[in-house]
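K.L.:
Heads up: the protein sequence lines correspond to chains A and B, in order. The first sequence: position 373 = 373 (the numbering used here), numbered continuously. Here the numbering used here = 1-based position in the second sequence + 1000.
If you are wondering where the hints come from, they were derived from the structure by calculation, not from laboratory data. Glycine included, every Cβ here is placed at the ideal spot set by N, Cα and C. There's no promise every hint is true.
Said to hold, decoys possible - Taking lysine-lysine pairs in the PhoX-like style, the calculated list, with each CA pair at most 20 Å apart, reads:
hint, chain 1, residue 1, chain 2, residue 2
1, B, 1253, A, 4
2, B, 1047, B, 1113
3, A, 88, A, 331
4, A, 299, A, 329
5, A, 253, B, 1149
6, A, 3, B, 1233
7, B, 1355, A, 368
8, B, 1113, B, 1053
9, A, 156, A, 121
10, B, 1080, B, 1207
11, A, 156, A, 113
12, B, 1253, A, 3
13, A, 3, B, 1037
14, A, 207, A, 156
15, B, 1207, B, 1279
16, B, 1003, A, 268
17, B, 1225, B, 1210
18, B, 1053, B, 1279
19, A, 253, B, 1229
20, B, 1268, A, 3
21, B, 1037, B, 1268
22, B, 1368, A, 358
23, A, 4, B, 1003
24, A, 88, A, 125
25, B, 1004, A, 268
26, A, 4, B, 1004
27, A, 4, B, 1210
28, A, 268, A, 53
29, B, 1113, B, 1279
30, A, 256, A, 47
31, A, 256, B, 1003
32, A, 368, B, 1253
33, B, 1268, A, 4
34, A, 355, B, 1113
Stated by the list, open to error - Computed spacing ranges between beta-carbons, pair by pair:
hint, chain 1, residue 1, chain 2, residue 2, range
35, A, 358, B, 1316, 40 to 46 Å
36, A, 366, B, 1105, 48 to 54 Å
37, B, 1259, A, 147, 38 to 44 Å
38, B, 1261, A, 95, 17 to 23 Å
Number of protein chains: 2
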Amino acid sequence: MLKKRYLLTPGPTPVPPESLLAMAEPIIHHRTDEFRKILLEVTEGLKYIHQTKNDIFIFSSSGTGAMEAAVANILSAGDKVLAVTGGKFGERWKEIAEAYKVDVIPLEVEWGKAVNPEVIKKHLKETPEIKAVFTTLCETSTGVKTDIKTIAEIIKEHEAVLVVDAISALGAEELKTDEWGIDVVVAGSQKGLMIPPGLSSICISEKAYKKIETSDLPKYYFDIKRAKKSFDKSDTPWTPAVSLVIGLRATIKMIKEEGIENVIQRHKRLGEAMRQAIKAINLELLAEDSPSNVVTAVKVPEGIDAQEIVRSLRSNDDIWIAGGQGHLKGKIFRVAHLGYMNQYDMIIAICALEKTLKGLGHKFELGKGLLTAEQVLFSQ
Amino acid sequence: MLKKRYLLTPGPTPVPPESLLAMAEPIIHHRTDEFRKILLEVTEGLKYIHQTKNDIFIFSSSGTGAMEAAVANILSAGDKVLAVTGGKFGERWKEIAEAYKVDVIPLEVEWGKAVNPEVIKKHLKETPEIKAVFTTLCETSTGVKTDIKTIAEIIKEHEAVLVVDAISALGAEELKTDEWGIDVVVAGSQKGLMIPPGLSSICISEKAYKKIETSDLPKYYFDIKRAKKSFDKSDTPWTPAVSLVIGLRATIKMIKEEGIENVIQRHKRLGEAMRQAIKAINLELLAEDSPSNVVTAVKVPEGIDAQEIVRSLRSNDDIWIAGGQGHLKGKIFRVAHLGYMNQYDMIIAICALEKTLKGLGHKFELGKGLLTAEQVLFSQ
Chain A
1 MLKKRYLLTP
11 GPTPVPPESL
21 LAMAEPIIHH
31 RTDEFRKILL
41 EVTEGLKYIH
51 QTKNDIFIFS
61 SSGTGAMEAA
71 VANILSAGDK
81 VLAVTGGKFG
91 ERWKEIAEAY
101 KVDVIPLEVE
111 WGKAVNPEVI
121 KKHLKETPEI
131 KAVFTTLCET
141 STGVKTDIKT
151 IAEIIKEHEA
161 VLVVDAISAL
171 GAEELKTDEW
181 GIDVVVAGSQ
191 KGLMIPPGLS
201 SICISEKAYK
211 KIETSDLPKY
221 YFDIKRAKKS
231 FDKSDTPWTP
241 AVSLVIGLRA
251 TIKMIKEEGI
261 ENVIQRHKRL
271 GEAMRQAIKA
281 INLELLAEDS
291 PSNVVTAVKV
301 PEGIDAQEIV
311 RSLRSNDDIW
321 IAGGQGHLKG
331 KIFRVAHLGY
341 MNQYDMIIAI
351 CALEKTLKGL
361 GHKFELGKGL
371 LTAEQVLFSQ
Chain B
1001 MLKKRYLLTP
1011 GPTPVPPESL
1021 LAMAEPIIHH
1031 RTDEFRKILL
1041 EVTEGLKYIH
1051 QTKNDIFIFS
1061 SSGTGAMEAA
1071 VANILSAGDK
1081 VLAVTGGKFG
1091 ERWKEIAEAY
1101 KVDVIPLEVE
1111 WGKAVNPEVI
1121 KKHLKETPEI
1131 KAVFTTLCET
1141 STGVKTDIKT
1151 IAEIIKEHEA
1161 VLVVDAISAL
1171 GAEELKTDEW
1181 GIDVVVAGSQ
1191 KGLMIPPGLS
1201 SICISEKAYK
1211 KIETSDLPKY
1221 YFDIKRAKKS
1231 FDKSDTPWTP
1241 AVSLVIGLRA
1251 TIKMIKEEGI
1261 ENVIQRHKRL
1271 GEAMRQAIKA
1281 INLELLAEDS
1291 PSNVVTAVKV
1301 PEGIDAQEIV
1311 RSLRSNDDIW
1321 IAGGQGHLKG
1331 KIFRVAHLGY
1341 MNQYDMIIAI
1351 CALEKTLKGL
1361 GHKFELGKGL
1371 LTAEQVLFSQ
């Protein structure tokens, strides 16, 4: 059968033709009024998606760069921080903080479960000198969504700042930066923003700026003070990834046209359809209690290797889903419903899973995943 | 819901990225060794797809141009010809022949039915001075496939040449030009050849060349003698559509890699899945007896306007199927399974039809079309 590539990974996600064509236009120079206007427009667009009036700075880096920027700009030597680690990306906060020799209290959460905000409250009470709490809105390795709204409520009362890795969740999960009171949000380009990897962003509240003022950790490329100084002249301190910024302008235009609330609702519906379909074909969700609408992590039954499902889809159909990470490798697979995706992408994914699972001898009623997805997707 | 465009029309058909990228490269000049090499390669590729050693010439025109070339080059004033007319494109043969004041005997066939080859045999017996028989391998307006193999057997014994419009069928239906003994085959670029409209081709047998030698009808742009003279120097008489030829090189490469027999088998399987799914959701096929694997024409039940189905798919989902033509307008819709399409395109089309038909109040069991398609597509 003729293969077409279907990218259902939680980043990179498919890039819409509108953006591909914009990025294919002849490159322009960045120290020009033309580019400055684009940079301002894109930054304003990101604020709209973040639902914030706070400053946002764009880096030419992967999302991890913006995570490092958060650590290096907000903290000072000897600071104590709390890092919620319930997956590969939660652990990354801990790793970055440790690389800067910050005193990290890891708040370990079982992979597949969400942190209980009350535990954070308890930590802040027990250790009032905690300067920052590092969290992950959607933990991409497990598909778990964190209750950032409640956590923000708790931290508001405290000296600590709340830092949220929204890399995979921005433009997919509800995220009301100002209303909830989030101090720092980091994001990446190859997820809900629907462009290729290469851009990251950081959003900074007044409370976070105060920490930045006194931070003494070393930084240069990711120095937010430098970024702010340049941005005050509608500029970037270093050469920006020009074509990616231009590509992002195109996808932001699409998000604005659809409306951020509708974009979130779409992800919600796609996620719900995927989860119901997965259960209908006798599989279990890893994140049963607090599933994200970004990616669905699926447990495979005894006797089936999850990596084999990933490989089969790839080699037979050129359909790319993700396997498990860390100790979940072989035990789960992950299907994204993120970014430039609609109902028919879910239908393709579920159909391909039905085909592959039948081939691997998994017992379920053929067509039931598709029917279930239809019922969710087409209900009023 | 976010819309993505899905083109399920019987031409233009989706263009694969490999070809889009090739056509986006800087244009080259055509009177160069570089282009001559490409033209030769593409022409050889078309011969492979036609399964012929006969000459093939490429025109910069739509398929209708190559149809006119067939008429104008093969016939002479006062010639009598037989034209099988069982749809819009069969009728086009008659219209072109009449425009050249050729004496046309129309062999009228009910739209949705295939011509009985025995009737052609009878005509040739009754009117032995018939110089050519004009037929259509797939009648795109009805989705009917003509039994060209049997017709070719009959005509072989006769002085007449067999002319086949394979515009929508080339690269989708079985077509063994040399083995079956077809004298003239015309094709177009925006169908099974998977590139945009703008190129057509004509394939000429020795028997057809003899008619060309003596033809006295007026022609210039579509003059096959001129085309042959130029092609003997690896050239075209007029400026060719350079980027389309380069795009065609890319899709021919894909067809060769898949193998023409596999390409035909793929269309057969997609067509079968579509037909079975259509019946599973309580709709009827227009071409029940001799359906093509190019496009499926579907009758809608009383009380539903087929144009409404076409419009709904377009406006709600950006899915493009075709309505009925001529007197079938409003009574049928047509879904293509042609060219750069695979199993998941069928799944999308069927899912979208289920959604739309439910919305219009048609009675059927939701999910049954999808299940039926899965059973056909994934059977060994």
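K.L.:
None of the hints should be skipped; say for each whether it holds.
P.N.:
Cross-check of the supplied hints:
For a cut-off of 20 Å, the pair hint linking residue 1253 of chain B to residue 4 of chain A stands: about 16 Å separates their Cα positions. For the suggested pair residue 1047 of chain B and residue 1113 of chain B, the alpha carbons sit about 30 Å apart, so the restraint of at most 20 Å is broken. With a CA separation close to 15 Å, the supplied pair residue 88 of chain A and residue 331 of chain A stays within the 20 Å bound. Among the hinted pairs, residue 299 of chain A with residue 329 of chain A is consistent with the structure: their alpha-carbon atoms are about 11 Å apart, no more than 20 Å.
For the hint linking residue 253 of chain A to residue 1149 of chain B, the alpha-carbon distance of about 54 Å lies beyond 20 Å, and the restraint is violated. Proposed proximity of residue 3 of chain A and residue 1233 of chain B is contradicted: the alpha carbons are some 38 Å apart, above 20 Å. Of the supplied pair hints, the one linking residue 1355 of chain B and residue 368 of chain A holds, its CA atoms being roughly 16 Å apart against a limit of 20 Å. At most 20 Å may separate the alpha-carbon atoms for a hinted pair to count; residue 1113 of chain B and residue 1053 of chain B exceed this at roughly 32 Å.
For the proposed pair residue 156 of chain A and residue 121 of chain A, the alpha carbon gap of about 11 Å is at most 20 Å, so the pair holds. A hinted pair counts as satisfied when its Cα atoms are at most 20 Å apart, and residue 1080 of chain B with residue 1207 of chain B qualifies at roughly 17 Å. Of the pairs offered as hints, the one joining residue 156 of chain A and residue 113 of chain A is violated, with about 24 Å between alpha carbons and a cut-off of 20 Å exceeded. Distance hint between residue 1253 of chain B and residue 3 of chain A is fulfilled; the C-alpha atoms sit about 15 Å from each other, no more than 20 Å.
For the proposed pair residue 3 of chain A and residue 1037 of chain B, the alpha carbon gap of about 29 Å is over 20 Å, so the pair is violated. With a C-alpha separation of about 10 Å, the suggested pair residue 207 of chain A and residue 156 of chain A falls inside the 20 Å cut-off, and the hint holds. With a C-alpha separation of about 44 Å, the suggested pairing of residue 1207 of chain B with residue 1279 of chain B is violated against the 20 Å cut-off. Restraint check: the Cα-Cα separation between residue 1003 of chain B and residue 268 of chain A comes to about 16 Å, which is no more than 20 Å; the hinted pair holds.
Under the criterion of a C-alpha separation no larger than 20 Å, the hint pairing residue 1225 of chain B with residue 1210 of chain B is consistent with the structure, at around 12 Å. With a C-alpha separation of about 41 Å, the suggested pairing of residue 1053 of chain B with residue 1279 of chain B is violated against the 20 Å cut-off. Taking the CA atoms of residue 253 of chain A and residue 1229 of chain B, the gap is near 54 Å; set against the 20 Å cutoff, the hint is violated. The straight-line distance between the Cα atoms of residue 1268 of chain B and residue 3 of chain A is roughly 16 Å, inside the 20 Å bound, and the hint therefore holds.
Restraint check: the Cα-Cα separation between residue 1037 of chain B and residue 1268 of chain B comes to about 33 Å, which exceeds 20 Å; the hinted pair is violated. Taking the CA atoms of residue 1368 of chain B and residue 358 of chain A, the gap is about 18 Å. The hint holds against a cut of 20 Å. Restraint check: the Cα-Cα separation between residue 4 of chain A and residue 1003 of chain B comes to about 19 Å, which is no more than 20 Å; the hinted pair holds. Taking the CA atoms of residue 88 of chain A and residue 125 of chain A, the gap is near 27 Å; set against the 20 Å cutoff, the hint is violated.
For the given pair, residue 1004 of chain B sits about 18 Å from residue 268 of chain A by alpha-carbon distance, which is consistent with the 20 Å threshold. For the given pair, residue 4 of chain A sits about 15 Å from residue 1004 of chain B by alpha-carbon distance, which is consistent with the 20 Å threshold. The hinted pair formed by residue 4 of chain A and residue 1210 of chain B fails the criterion: a straight-line CA distance of about 45 Å is larger than 20 Å. The suggested pairing of residue 268 of chain A with residue 53 of chain A is violated, with an alpha-carbon distance near 25 Å, which exceeds 20 Å.
Distance check on the hinted pair: residue 1113 of chain B and residue 1279 of chain B sit about 18 Å apart at the alpha-carbon level, within 20 Å; holds. Only pairs whose Cα atoms come within 20 Å are accepted, and residue 256 of chain A paired with residue 47 of chain A is accepted, the gap being roughly 11 Å. With a C-alpha separation of about 14 Å, the suggested pair residue 256 of chain A and residue 1003 of chain B falls inside the 20 Å cut-off, and the hint holds. A hinted pair counts as satisfied when its Cα atoms are at most 20 Å apart, and residue 368 of chain A with residue 1253 of chain B does not qualify at roughly 38 Å.
Using a Cα cut-off of 20 Å, the hinted pair residue 1268 of chain B and residue 4 of chain A holds, with the two alpha carbons roughly 18 Å apart. Distance restraint check for residue 355 of chain A and residue 1113 of chain B: the Cα-Cα separation of roughly 35 Å exceeds the 20 Å cut-off, and the hinted pair is therefore not satisfied. About 31 Å separates the C-beta atoms of residue 358 of chain A and residue 1316 of chain B, a value inconsistent with the hinted range of 40 to 46 Å. Roughly 52 Å separates the CB atoms of residue 366 of chain A and residue 1105 of chain B, a value that falls within the hinted 48 to 54 Å.
Between residue 1259 of chain B and residue 147 of chain A the Cβ separation comes to about 54 Å, which falls outside the hinted range of 38 to 44 Å. Checked against the given bound of 17 to 23 Å, the beta carbons of residue 1261 of chain B and residue 95 of chain A, roughly 54 Å apart, lie outside it.
The earlier numbered hints that this structure contradicts are 2, 5, 6, 8, 11, 13, 15, 18, 19, 21, 24, 27, 28, 32, 34, 35, 37 and 38.
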